[in-house]
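Here is how the chains run, residue by residue.
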Amino acid sequence: MADSTNSNGGVAVVDEQVADERDAAVGASSSGRDFRPTLGAAQIDQQEDTIEDVAVQIDDVGLWYGAKKAIEGVSLDVQRHEITALIGPSGCGKSTLLRCINRMNELIPGVRIEGQIRVDGDPLYGSDVDPVEVRRAVGMVFQKPNPFPKSIYENVAFGARINGYKGNMDELVERSLRQAALWDEVKDQLKESGLALSGGQQQRLCIARAIAVQPEVILMDEPCSALDPIATQRIEDLMQELAADYTIVIVTHNMQQAARVSNRTAFMLAEEDLVGRLVEYGRTDQLFTSPNDSRTEDYITGRFG
Amino acid sequence: MTAEAPAATTRDLFEVNLARRHMIGVIFQGVALLGTLVGIIVLAVLLIEVWRDGIHFLELDFLNRFPSRFAEQAGFKSAFWGSLWVIGFTALLAFPIGVGAAVYLEEYAPKNAVTRLLQTNISNLAGVPSIVYGILGLQLFVRGTIGIGPSLEDLGLRDLDRSVLAGSATLALLILPVVIVASQEALKAVPPSIREASYGVGATRWQTVRSHVLPQAFPGIMTGTILALSRAIGETAPLIMIGALSFVAFTPGNPLDDFTVMPIQIFGWAVRPQLDFQDLAATGIIVLLIVLLSMNAIAVYLRHRFGGPASR
Amino acid sequence: MATGTPAIDGSGASARFKRSRSRHLFEQLIGLSLFACAAVTVVTTVGIVAILLAEGLTFFTEISPLEFFTGTRWTPLFQSAGFGVLPLVNGTLIVALGASLVALPVGTLAAIYLSEYASPQIRSIIKPVLEVLAGIPTIVFGYFALTFITPFLKDTIFPEIGVFNALSGMIVVGIMTIPMVSSISDDSMRAVPQELREAAYGVGATKFEVVTRVTFPAALSGIVASYILAISRAIGETMAVTLAVGATPRMGFDILDSFQTMTAYIVNVSLGDTPQGTTEFRTIFAVALTLFAMTLLMNLISARVVQRYRERYE
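Chains as they are written, first to last, in the working numbering: chain F, 924 to 1228; chain D, 25 to 336; chain H, 1092 to 1405.
So that you can see chain F by itself, here it is in the shape it has in the complex (with noise of 0.2 Å):
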């Protein structure tokens, strides 16, 4: 517990800082500690905790705005097709750390990133590496459903058409609409403004016009907080389909759809020092039922964030 790292050797980076502080806080909250035994304890040895297939691999990675510093070696990796989910309460870099995986952070002034982040092995920082290209690799959808203020064909084949797709493009719409399970509902008004969709609808516009361009993996900061719990599990039904055809990494501030939705969780905190770092990652199921760190468990259990 308090003196490791995650049981699969190494994958959650905890440097001796972080150890400390951590040290500290299961002293001062010795109860999380006594408590933990009973919770789920038959589950954990059970579960085979290994990543074999990494789609992305994030390597210490740490990022300042101008001369702040929000996030501190990170480092996770990805398994292919999975959905994997990055929880903290707010402030605790977690979209932060979403937006270095597309290089999303770039486009604020100031912004400076460390370590590396690498899709297939492919690095997504460095001199000769072209930010668009890691962009269409991977795709986002991001917190508000943002439309673009076309039509609902034009939304989806945006990314297509700057990309020089040279197939049918009816047909990459068509299936990129199913694909987000929006198809049979707007199959009939095509041409209207994508803006005209209910938010549900929008956020699933949203995904087909990322899908269309054929990314390996896609982010998702937050889809359903601007949603009703209607839309909101028409999206969590949505993203366990994309799965088998996509990475997903997703950012939620919401511990049950994290539960519900992933294979995989990671933990992240900010504590006095306000810098990001990941305090545990490990399967879904272990990590809420049986979490190695106290401020895990502090955490999912509600006690504080």
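Certain hints may be false.
Here are some of the chain F residues that sit facing chain H, going by a computed Cβ distance under 8 Å [said to hold, decoys possible]:
1. K1067
2. P1072
3. L1113
Calculated from the model, a selection of chain F residues having no Cβ within reach of chain H, i.e. all distances over 12 Å [claimed, not checked]:
4. T973
5. E1029
6. E1056
7. Q1163
8. D1196
Hint data in this document are derived by calculation from the structure and do not stem from the laboratory. Keep in mind it's a predicted model, so treat the numbers as computed, not measured. Backbone N, C-alpha and C fix where the C-beta goes; we use that ideal spot for every residue, glycine too.
Mind docking chains D and H on chain F? Use the hints.
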């Protein structure tokens, strides 16, 4: 869901061609930068040209001589002082009326159709060509009638003829929409909590406005008013309309005197075919621009010093 | 008490909370005088419309509107007077069109650069410079056209260009209106939510593609509004065209030659010695009425366009 694994089959159909797309982007950024520089370069050329044309007549005595048939004896005295007189009275008229109107619209006016009409009317007035204000000034102040209803004479007043006051009143109406809108912005920027605090200790509406809201908004109002006045000081057409003269050999002694102003004197010189007079026009422009840029500098200073409406 | 303070029963307020009559009267007086200040703007509009209509309608009893609006000869001050306003409208529109060809593309490019490419430091330098450009009096631009642009064109490209010509007027009026286009378009592009740009980047768009295919179209109504305002400003512009374009009312399109705009005609009449109260003098009201109607129409259209774009984003 269809299990045809589309990702694998269609990924090859993209001809991404990023090198070309990036090149287009770089070219476009260059063109956009060029477009940005056009205005700046022309401004620089204009200032340099005016300076080169006008420098040899530029001496302190230029402001101490009246116009003359001979370029080397001609001066800017009547125009310079005429402009100051006109702008002074324009400020005296436009400032209280403009601020009063803004206070009414922001602090007093009910949210109804009349108020909306007032507001729409003000923004439309801002788009009326200045020469139309000249026609208004000509009829209303110089001739004393707008064609319908009683004339100023019928009301027991005298018309203002081609006086400083007629010019100031015309320019005041011209810049009023600008002063009102700028003052409204400044009043809007005053947090409501200040008003509530004042009402909370039993102040009346006017006491609240006078003692708390207006002082807070004052720098912003001043900035907007000065910028509006610096527009007025460069106005030519409306003053030509009301009959300001271009050859005046005296400075105004009271607001009902005849007058000329700097832009009209510049115009008078610029249309003369002799090169010397065109250079005199440039000298006049230098003086006008110095006055104008000083006013802008004061406005910018006020904006920074007191943090009025944020500079966008 | 004169005002309708609700008296809950007939007895009125107790002495303690009783409204002070003098204070109340004073407050009402203040409110009334503030309203009077605001009403000055209404009087202004009514005055403009009344003057233009009164004098304009008198003019149209002397000259038929048909001749005025369809005639192609404008020589009201000549022995053989012609009262067809079309030559003036022609001159005005030629200059406004030419100015738009300068101001709209250049202003748009400047707006795109400022809102999408420029760093905050560069922005903080360029914006004030453009504000200074916007603040230069039009008479100065007129002088610049007359003494620099026309001679420059004569020496370089068009040796046959006249001392007064439409081309130099187009150029200076265009340059004058660049800041208007750039600042309004800049504002409306900056109002486009960052999420839209991110969405485009997220599917692998380059900056150029984001700007031209997402930001620009999304801000289009604000940009179009700035175009209409700029054209309206060019139509109403007076001193620069008086100095640069000259005083030759004519039809035709030879921009190397002198024309006369509506505004320049009004200035020329008031500079001359045409006696007031004559049909000749009343021409300026008919011309001004036409000018006022044109600019008012454009300003109303632009306000409508801006309204639409506000509704879309707020």
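Hints violated by the structure (listed by number, smallest first): Checked against the structure, the hints that fail are numbers 3, 5 and 6, while the rest are satisfied.
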